[in-house]
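Use the sequences and the hints to build the structure in full.
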Amino acid sequence: MTQPKIDTSLKTWDEIKTTTCYMCACRCGIKVYLKDGTVKYIEGNRDHPVNKGVICGKGASGIMQHYSPARLSKPMLRVGERGSGEFREIEWDEALTLATSWLAKVRREDPKRLAFFTGRDQSQGLTGWWATQFGTPNYAAHGGFCSVNMAAAGLYTFGGSFWEFGEPDWKHTKYFLLFGVAEDHASNPIKIGLGKLKERGVKIVSVNPVRTGYSAIADEWIGIRPGTDGLFAGALIHELLRNQKIDLDYLTRYTNAAWLVIRNPGGADDGTFARNANGEPLIYDAVIGRPLSAHRADTSPKLVGEFTLVDGRHAIPSFMLLAERFLSDDYSPTKVAETCGIPTQTIRRIAAELARTAFEEELCLNIGWRDWAGRIHDKMIGRPVSMYAMRGISAHSNGFQTCRILHLLQIMLGTIDVPGGFRYRAPFPKPAPPGVKPAGKPGQVKPNTALPGPPLGFVTAPEDLLIDKEGRPQRIDKAYSWEAPFAAHGLMHTVIANAAKRDPYGIDVLFLYMANMSWNSAMNVAETTAHLTAKDETTGDYIIPHIIYSDAYASEMVHYADLILPDTTYLERWDCISLLDRPISEADGPADAIRQPVVEPDRDVRPFQTVLLDLGARLGLTGMTKEDGTPRYPGGYEDYIVNHERSPVIGPLAGWRGKEGVFHGRGDVNPKQLERYIENGCHWFYELPDHVKYYRHANRDYLEWASSFGFIGRPDPIIFQLYLEPLQKFRLAAQGHGAIVPPEEHRQRIVRYFDPLPGRHEPLEEALRDKIEFPLHAITQRPMAMYHSWGSQNAWLRQILGRNWLYLARSRGEELELCDGDWVQVISATSRIKVQVKLMDGVNPHTVWTWNAIGKRSGAWALSPDAPEAKKGFLLNHLIAELLPERDGGYRYSNSDPVTGQAAWYDLRVRIEKAEGESEISAPQFPVLKGFKGIVGRRRA
Amino acid sequence: MTSLPTPRPNQKKLGLVIDLDTCVGCQACATSCKEWNTQGYSAPLNDSNPYGASPEGAWLNRIHGYEVKAPGEDQSRIVHFPRSCLHCEEPACVTVCPTGASYKRAEDGIVLVNPETCIGCKLCSWACPYGAREYDYDHGVMKKCTLCIDRIYNENFVEEDRIPACVKACPTGARHFGDLGDSESKVSRLVAERGGYDLLPEMGYKPVNKYLPPRQRRADEKMQLVQSEPVKRDGKAVMDDFFRWADRLLSR
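If you read the protein sequences in the order shown, they are chains A and B.
Quick note on this note's numbering: the first sequence kicks off at 1 and runs consecutively.
Quick note on this note's numbering: the second sequence kicks off at 1 and runs consecutively.
Don't read these hints as lab results, they were simulated from the structure.
Heads up, some of the hints might be wrong.
To be verified - With a Cα cut of at most 20 Å, we get these calculated EDC-like pairs of lysine to aspartate or glutamate: (1) A:Lys5 with B:Glu155; (2) A:Lys196 with B:Glu193; (3) A:Lys17 with A:Asp47; (4) A:Lys11 with B:Glu155; (5) A:Lys198 with B:Glu193; (6) A:Lys11 with B:Asp161; (7) A:Lys105 with A:Asp541; (8) A:Lys5 with B:Glu107; (9) A:Lys5 with B:Glu116; (10) A:Lys17 with B:Asp161; (11) A:Lys52 with B:Asp161; (12) A:Lys196 with B:Asp21; (13) B:Lys236 with A:Glu306; (14) A:Lys659 with A:Glu645; (15) A:Lys914 with A:Asp820; (16) A:Lys446 with A:Asp110; (17) A:Lys914 with A:Glu815; (18) A:Lys771 with A:Glu913; (19) A:Lys871 with A:Asp820; (20) A:Lys834 with A:Glu817.
What follows is the structure, encoded as structure tokens:
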């Protein structure tokens, strides 16, 4: 039989355009194949620094996201009751005029009555600046319910962070320890890295209550009990100390281990660093025999001893406090083993493996470098142990401190920014913490006036808080108040509840961007929708008078908006992935990128960022209008990307600056900058020379370059803050010292949790709940092929995973007489849900878990109301309280980390009961959301 | 019934080598396959009821996850298993085909379906023990992995992109493509080094694609620190010891 002849060189496209993916937060480079203006195929861009040609399950399904029937198609104005889904289509001019009128009134009267929160926003460089220009302190993106514990713990400790601010040295590491990484974060960079480790046969250890995804391919899985990672890491430190396997040289050179801490119990200076007249911290010099400035290079600091200062006060190196804490029995492997669910011998063995790799498999790169003091070193020494951690650490109310312990472990081993260790990504390292302070103190929020600084920053003392004289919060989310002093990303999860309770005050406009706050991003969904629709009993008006929402898709939140501003898909827009925002840099050098529209929208939608600039101009915001009152960026977001300068010669994009496009980092505006990016595949990457690729916290050539590039103010070394004095300042304030002290009701909590030493405490909700009544931990993680609620509306991805199950340990299931497919009630102190279970072995026996954000509200996302996402799928969110139980005096704190305000999703405790003789539909079910004309799928129907 | 081509000397056998030790089950290969093949040679791959109660469509590559607990082992293992056509040397799906629509290419061993002559009788999917064929209900024909026949020889691509979409996508590098008929090829060497194996060899279809088994885990090393046995002293003595050790001349 003859074979048919096949054309193996089919050309199914007529054009290929590069841009940046937006199917999750990784922001990989993609190539989009087009035929007659239709998207045919999307693949990874080989030249891109983030993904180097690969693409993930989500990225390759982008085409279905782009053509989703859930796309919004026209501005809409609510005409029925809020939440009823009754809208009428309006024109953009009417929409923007109306929004402007609401916003102008707020700005004229009291700018903080605008709460502007943006969810998975990749333009925080713009949105944060817009809020500053508007004059409201009430701005943040979704970091408060995502990863602020990781960002804050890292930035306050070593001026970098897990998350996107750094990465393991995939090329050189010989041992990789992964803590609590839900599978979406990060996506391709971690997968590429794991692939490289596998090629080299590097041992991978995953610490995670659930063995899926990355844990599945790890050489060793440690099925830890949720919320106890700090104890486990602390016990590793205990073992390293006890066996004298720590890097004392590294600690002396790069950390504040030798800095002297004043011992004066009860005094206002107790626990602060001893300082000289210039305010410089002191060390005790072993050779000279007296205290010297810690900033000097030519010293021999003592790590051990008690010393008398010139003024007679006593002080000891902070290292002694650290060592005493972690050598104490509280962190001994035998003591923590049961709580963590990890055998003592395993803890000891992992500590031994870490020590062996760090100290006996030392790595040496023959690359000379110059340290901060100008001393030349002829090689770079590496301790090839690397670690990475994400949401399993951050989403607990002890996450900030737990993450600090992980960094302490890394630093004790001498592994930060050394060959084989954990490497910074530009613009990091920055001073620990970065110098910017949040604006929004009383007197800084004024009618028709911009804020004097950005709304988000890093608090280091009570003086920096945004509180009034009585200690009351100034922000609607209570960020930077005594309740969440280090809330570097705000507390988006508290905004709706606080606004509805007018606590600390009411607002006039709630303005949200791509955040599904009435569903999978809300704690306690039923309560949240009640807040969104709550009316004032006297006036009958909504307590939150106006809700403006911008999104590309008909999410559950869209239905609760008064005014819908439809956004474009990611393939229809300009964007900049800016170093002023969340960077996409690699460890080898800084990078940024753009999105370009690869197709034109076929609907009456506008890119949100262009809309925001338009609103800014209509409101007359200084940065967005010219002196004659006309818009400064009439060409929209792309005009801003090219022409905006945050400070002279620094703009959103670092590449090809200057009129000729020959400067990088700093340079005048280049009118042809976007063309240059497009020519280069829509990204820019600047590879650092070898001698500045490591030890960057103390590498003079790097620090000088980073300072010339605008990443840091001055080329000073970055000293790791193992002992965190800002926390002690809060503790002292809570003990009554200083000019600004917390109100009585907050004091005990601050004394308890503002520990300047890294240390583990029990998660707050867990400590307050009856562990017999609620014996199980309940957590979620994301499947690799889904990114929050976008994924399960996607025609392809929902065929892979169209519903979720509750997974529990086989042993636990047998105890409860449960089989796969049985229905159970899951009961928390807040609520109950009814779901279907599956049993598995690879899960901590005290833990149940499910996939996050698969459950949909019936009628949302243009899915049919009987979609499995709605009828079998479910959220754990219903079980999670937004507030902790009442304390003495009736006050209820938010369910968050007491230091950073990070939402404590993973603190949830539940019990399970078999549900029999009930319908085979998950519960709760909410009224079906009505479709409306402004949704593409509905329009066609 | 359809006959197989007579193997040539040094017969080229194009296929995939899939590393089960490295696959994290991310679905990148599955969706990349779907998006390429729904617009290329196999276009379109159907999706029925995509936004309804039971969405389903044709996928030429599906990923399954299995939890396996071997007797005597403390821990289970989760294995992600990508499944697609194995391009067997003696494929029953071809020999069973009544019209000749299902055929094995003489030049490279790729098993294909000719949509012009496929009558949609599904005999091939019954014959395939690997469940690797997908019936396209919208178009009434059988679809299957083509090893991206429209990519691997496609002159519109640069050389390095002439690989199947699934291989190009794979973020962990768990998928490899090459000539398994050439014992010196990279994929053949990988199979030799890692003990690559056939699925269901006892069936006798001689699959070309190979799977690399999960490596032995190294969780049981008897690793200990020198002083790792509990020290029979109180905490104070341990601390004193430690501080004596740490109290040394250090320089900044």
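Here's how the hints hold up against the structure:
no.: 1; hint: A:Lys5 with B:Glu155; result: holds (16 Å)
no.: 2; hint: A:Lys196 with B:Glu193; result: holds (17 Å)
no.: 3; hint: A:Lys17 with A:Asp47; result: holds (13 Å)
no.: 4; hint: A:Lys11 with B:Glu155; result: holds (9 Å)
no.: 5; hint: A:Lys198 with B:Glu193; result: holds (14 Å)
no.: 6; hint: A:Lys11 with B:Asp161; result: holds (14 Å)
no.: 7; hint: A:Lys105 with A:Asp541; result: holds (17 Å)
no.: 8; hint: A:Lys5 with B:Glu107; result: holds (12 Å)
no.: 9; hint: A:Lys5 with B:Glu116; result: holds (12 Å)
no.: 10; hint: A:Lys17 with B:Asp161; result: holds (16 Å)
no.: 11; hint: A:Lys52 with B:Asp161; result: holds (13 Å)
no.: 12; hint: A:Lys196 with B:Asp21; result: holds (12 Å)
no.: 13; hint: B:Lys236 with A:Glu306; result: holds (17 Å)
no.: 14; hint: A:Lys659 with A:Glu645; result: holds (14 Å)
no.: 15; hint: A:Lys914 with A:Asp820; result: holds (12 Å)
no.: 16; hint: A:Lys446 with A:Asp110; result: holds (7 Å)
no.: 17; hint: A:Lys914 with A:Glu815; result: holds (11 Å)
no.: 18; hint: A:Lys771 with A:Glu913; result: holds (16 Å)
no.: 19; hint: A:Lys871 with A:Asp820; result: holds (18 Å)
no.: 20; hint: A:Lys834 with A:Glu817; result: holds (17 Å)
Hint compliance for this structure: every hint is met.
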